[in-house]
Structure formats: structure tokens, C-alpha cells
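Going down the list, the sequences are from chains Z and W.
Going by this note's numbering, the first sequence wraps up at 285, each residue one higher than the last.
Going by this note's numbering, the second sequence wraps up at 1264, each residue one higher than the last.
Calculated directly from the structure, the hints in this document are not laboratory data.
Predicted model, so just to flag it, every value in this text is computed and none were measured.
Just so you know, not all the hints are guaranteed correct.
Covered by chain Z, per the in silico footprint, the following chain W stretches (three or more residues, Cβ under 8 Å) [claimed, not checked]:
1) 1022-1031
2) 1036-1045
3) 1100-1106
Derived DEER-like restraints, expressed as beta-carbon distance ranges [as the list claims (entries may be wrong)]:
4) Val1053/W with Leu113/Z: 54 to 60 Å
5) Ile1014/W with Ile198/Z: 23 to 29 Å
6) Ala64/Z with Val1018/W: 45 to 51 Å
7) Ala264/Z with Val1018/W: 40 to 46 Å
8) Leu271/Z with Leu1238/W: 55 to 61 Å
9) Leu271/Z with Phe1110/W: 49 to 55 Å
10) Gln252/Z with Ile1014/W: 55 to 61 Å
11) Ile1014/W with Ile257/Z: 46 to 52 Å
12) Gln252/Z with Ile1176/W: 47 to 53 Å
13) Trp1175/W with Glu102/Z: 26 to 32 Å
14) Ala158/Z with Gly1239/W: 53 to 59 Å
15) Ala64/Z with Trp1187/W: 24 to 30 Å
All residues carry an ideal CB built from backbone N, CA and C; glycine is no exception.
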Amino acid sequence: MTAITQIDITGIAGRLAHPFRKYGHVFAVGLQSALVYRWNFVIRVGFSLLHLAAVGVLWGAAYAGREHIGGFSFRETMGYFLMLIVANYLISAFNEDYQIGEEIRGGTINQFLTKPIDYYAYRLTLFFASRLVTGVIVLIPVVLLLPLLGDYLPSGLAPWQWAAAVPAFFLAAIIQFSIAFCFGLLAFWFLEIQGFVILSMAVETLLSGQVFPLDLLPDTIYRISQYLPFYYQAYFPVALISGRIESAAEAQMGLIIQSAWVLAFLAFGRLLWRCGLRRHTAVGG
Amino acid sequence: MSLLAYLRIWLASIRYSVVRTMMFRFDFILWVLVDGAWMGVNLLLIEVMFRHVDAIAGWGKAEMILLVGTAMLVMRLFMTFFLTNLFSVDRLVREGMLDFYLAQPGNPLFMLSTRRIDLDGFVNTVVAVGIVAYAVHQLGIRPGWAQIGLYGLMVLAGLIIHYATVVAIVSLAFWITRIQGIEGGYWAIFDLSRLPRPALRGVMEFVFVYLFPAVIVSNFPAETILHGPHLGHLLWLLGAALGWFAFAVGLFHLGLRRYSSASS
Chain Z
1 MTAITQIDIT GIAGRLAHPF RKYGHVFAVG LQSALVYRWN FVIRVGFSLL
51 HLAAVGVLWG AAYAGREHIG GFSFRETMGY FLMLIVANYL ISAFNEDYQI
101 GEEIRGGTIN QFLTKPIDYY AYRLTLFFAS RLVTGVIVLI PVVLLLPLLG
151 DYLPSGLAPW QWAAAVPAFF LAAIIQFSIA FCFGLLAFWF LEIQGFVILS
201 MAVETLLSGQ VFPLDLLPDT IYRISQYLPF YYQAYFPVAL ISGRIESAAE
251 AQMGLIIQSA WVLAFLAFGR LLWRCGLRRH TAVGG
Chain W
1001 MSLLAYLRIW LASIRYSVVR TMMFRFDFIL WVLVDGAWMG VNLLLIEVMF
1051 RHVDAIAGWG KAEMILLVGT AMLVMRLFMT FFLTNLFSVD RLVREGMLDF
1101 YLAQPGNPLF MLSTRRIDLD GFVNTVVAVG IVAYAVHQLG IRPGWAQIGL
1151 YGLMVLAGLI IHYATVVAIV SLAFWITRIQ GIEGGYWAIF DLSRLPRPAL
1201 RGVMEFVFVY LFPAVIVSNF PAETILHGPH LGHLLWLLGA ALGWFAFAVG
1251 LFHLGLRRYS SASS
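Could you put the whole structure together from the sequences, leaning on the hints where they help?
In C-alpha cells form, the structure reads like this:
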């Protein structure tokens, strides 16, 4: 009896460990392939810092002769934009939608249909591996430029702000990836998806607070934006860590809405995948 | 080849592009909307900032719309005629497809640059002109024909600067083959053309006003409409355009010597 129980436990443990091993390998492959493009990422970070300098010039000129805009100082606003750039390299989807679309269009997706691997989980694992590499790469210039940028880094945050920011960043990454995943799946229906992707990127850029902090919008529009998924793609975690969300209740409500959007995108992605597969035709050997 | 022959080739490419675009009408409309949405994002930034401030580096809201509209106009002209053609150079070099252009009886850079035009960029060029006209109307000024002519000339000089910048960037493909990340530099650099010149100080002013003309491509034409013609600005912009054009063409031909077909 004891022996049988022992065997069962080993079997269950093995079955549980199996996915971790499987996706662990995928993660390792993802790290390697992201490292191949390390110089592309370094160049990209360089241009992001140039963009940050342009943002600094524009907002510096806007702040001339005034202490606050929308209740925040120049230092706080620049802190927001600096954190936004770091967040982009830690949690943003870069070209995952394009890669997924290409796999569908080129037929290489067929290999995943015959293997015991979940395509969403596979792609998500690659995404996390790639963001680990880009996240480390973006931190290098930030650390090197600490004498220049140190003033803008978050300071004096309450423990609850840090505690809320960690899950908020994680959930934001899943929302970003899931949106990219859904757009990639459009390749089941359309030959060319880049137009949809870039159109959506314009909306996402605006409503996720990449162009200006969303709290500078008129109050009603800002309130509406809080119920949209874009708010939780980047603005929410960055606003938490740069001190723009000052109430724990607001952070708590934000995390609830963010989790709901994650579930909604997971379900929608699954639905698109199933519908897409029904249309998909695999040809060749 | 005579100048007329080049013009004929370009017109034939334009005709081909128009026919091709009309075959993919949904795609055309989608890309007009895509770029239109990005233009809207830039205008919304001004709208939101001016809800909180009265001026940015001495420029009022309508003046900023004029500046951003001018920056958009130059960029959309570049997108219409050259962007797609030039951004494919690194792929052509990598795959050895450049042979096709080198074998043609004309200047290879011309052949590469004028292969097709993007009609969606042309539609948004018209939108950008509309934005400039709206800003001028808001400012309540009536620029004379000389001012408008000079504005047009400066926009053309700006177009040459955009062209030269991207030719220089893509020429790097002859040395480093894969330039994917570097292409993004075009957007990052000309992001600066939406900034009013007095806002830049120190190193930023030295680099992006005096050394590389990213800021003046939009500021000088806009200032011509706002304050009238300025001979110094005109000469500065034309000189910068010619200088950067010569540098970019030189760099392209230097790189071309390294090109060794499919094995490149």
C-alpha cells in the first residue's frame, strides 16, 4: 500500500515537474535567441534615451516658470517618463505579433499542432525570456547614467506602493503579450496584419500613457480610460512606482480591474486560437 | 541617361504604384488610417499640454500646431516618395538582390529610391498641409506668396535632409549587414523636429541645431510663416541639405564598393 502511494506521488510529482522542464527548455532557447539580437536592443535603448532627452526638452520648456503641471513637479514627470522607458523594456511586446503572424503565414506553426505543447504558453515563455534580456540591457545605461538620472528615480514610496507595483508589472506584461498574441492570430484571417498592429499601436501608445501621463487628461476621459485595458498595459504600474497613484484603495481597485482584463484576454486569445485553427490548412511534408 | 529619361522612369514607377495601390484598396485605406492615427497622437499631445500651460519656449498653441504640422509635412513627403524604398536596402544587400538595380542602365541610388511611391503617405501629406493651413488660420496671419514660396523651398530642403539621413543610415548595411535597430534612429532623430528651437540648450542645441539639422528642418519653415523671410535661415537650411546630401551619396557609393553580390 505504502509502495503504491509512493509510486503515485512520484508520478504526480513527475507530471507536475514535466511542464516546468519543458517550458524551462523553451525559456533557455528564448534567452539564447534574444542574446543574438543584443546589439539591436542596445541600439534601441540608445534611441529610447534620445527620445527621453527630447521629452525632457519639451517638458522642461513647458515647466519654465512654473512649479507644477497637473499637480506634479518636473522631477516627478521626468521620473514617470524614465520609469516608462525602463518598463517598456521589461514588459512590452516588441514584435511578438509579427513573429506569430509569420509562423501562421509561413506554416511553421504546424509543428506545434502535432506536439504536446501549448502555443500560448510557448510564446509567453519566449516573451519572458526576451524581456529578461532587454530588461537587463536597459538597466545598464540607467545605472551608468545614474549621476544624471538619479534625481528622477522613484524615492520615498510607501511599502504598499511597492507591493502593488510588483503584481501590476507582471499583469501588465501578460496584457501586453496577450494583445500581441491576439493580433498575431489575425494572420489566420488576413494575409497582412502589420496595418492592424501599427494602428492598434497608435491607440495603445496614447491610452497607455506613453505620450503624456494620463492624469493630465480631462477628468471624465481619465476616468473612462481607467476601465480600458490600455491603462493597465503600462500607465498603471508606472504610475504606481512613480508616485502618481497615491491611494491604496485606488491601487487595489486597479489590480482587480487589471486581473479582470488578463482573464478576458486569456479567454479571447483561446477563442481566437480555436476559431483560427478551424480555418487553418496545413500543406506540405 | 538624360534628366528627362530619369523623369520618365520615375513617372512610370508612380503609375505602377498607383495601379498596384488600387488593386489593394483595403490595405491603402488601412494605412491612411494608421498614419492618420499617429498624426492625431502628436496633435493630442499639444492639446493636452496646452490645457495646462500657455506657451512652450515662447511658442503658443497655434504656433506649436504650425511647427508640428510642418514636421509632419516633411516626414509625410519623405514617406510618400522614399521611405519604403530606402528601408528595403539592407534586405537587398543581405540577400544579394541589389544586383538587379546595379544592372539597370541608370544611377543605382536613383533606381533604388524611386522604385515605388506610397499613396497613403501622399493622402497624409495633404492632411499635413491642412493642419498647417489650420494653424495659419488660427494665428490670423496672411502669408504672402513670397513667404509661401520660401516655405515650400525650405520644406523641400527638409525633404533632402530626411532623404540624406536615411541614405546614410541604410548605407551602413554594406558594413554591418543587419541594420534593423538602426532604422529606428530615423524616427528618434526626427522626433526632435517637433520641438521649438528655443527649447534646446547646451549639448542638445549644439548637436541637433548646429551639427545635425534635425530641429531646423521644421523650425525654419515655420518661422518663415510666422516672422517673414530670413535669408540667413534659408542659406543655412539649403547649405545643410546640400552638405548632408553629398555626404550621404558619398557614403552610399563607398559602401557600394564593398558589395559583393549574394555573398555580401
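Taking the hints in turn, this is what the structure says about them:
1. 1022-1031: holds (count 3)
2. 1036-1045: As far as the segment 1036-1045 of chain W goes, the hint holds, because 6 residues have Cβ atoms under 8 Å from chain Z.
3. 1100-1106: Answer violated; 0 residues pass the 8 Å Cβ test.
4. Val1053/W with Leu113/Z: 54 to 60 Å: Holds - the Cβ-Cβ distance for valine 1053/W and leucine 113/Z, about 56 Å, lies within 54 to 60 Å.
5. Ile1014/W with Ile198/Z: 23 to 29 Å: holds (24 Å)
6. Ala64/Z with Val1018/W: 45 to 51 Å: holds (48 Å)
7. Ala264/Z with Val1018/W: 40 to 46 Å: holds (43 Å)
8. Leu271/Z with Leu1238/W: 55 to 61 Å: Since leucine 271/Z and leucine 1238/W have Cβ atoms about 58 Å apart, the given range 55 to 61 Å holds.
9. Leu271/Z with Phe1110/W: 49 to 55 Å: Given about 50 Å between the Cβ atoms, the range holds.
10. Gln252/Z with Ile1014/W: 55 to 61 Å: Since glutamine 252/Z and isoleucine 1014/W have Cβ atoms about 58 Å apart, the given range 55 to 61 Å holds.
11. Ile1014/W with Ile257/Z: 46 to 52 Å: Because 50 Å falls inside the window, the suggested range holds.
12. Gln252/Z with Ile1176/W: 47 to 53 Å: Given about 49 Å between the Cβ atoms, the range holds.
13. Trp1175/W with Glu102/Z: 26 to 32 Å: holds (27 Å)
14. Ala158/Z with Gly1239/W: 53 to 59 Å: holds (56 Å)
15. Ala64/Z with Trp1187/W: 24 to 30 Å: This hint holds: roughly 27 Å between Cβ atoms.
Checked against the numbered hints above, the structure breaks only hint 3 and satisfies the rest.
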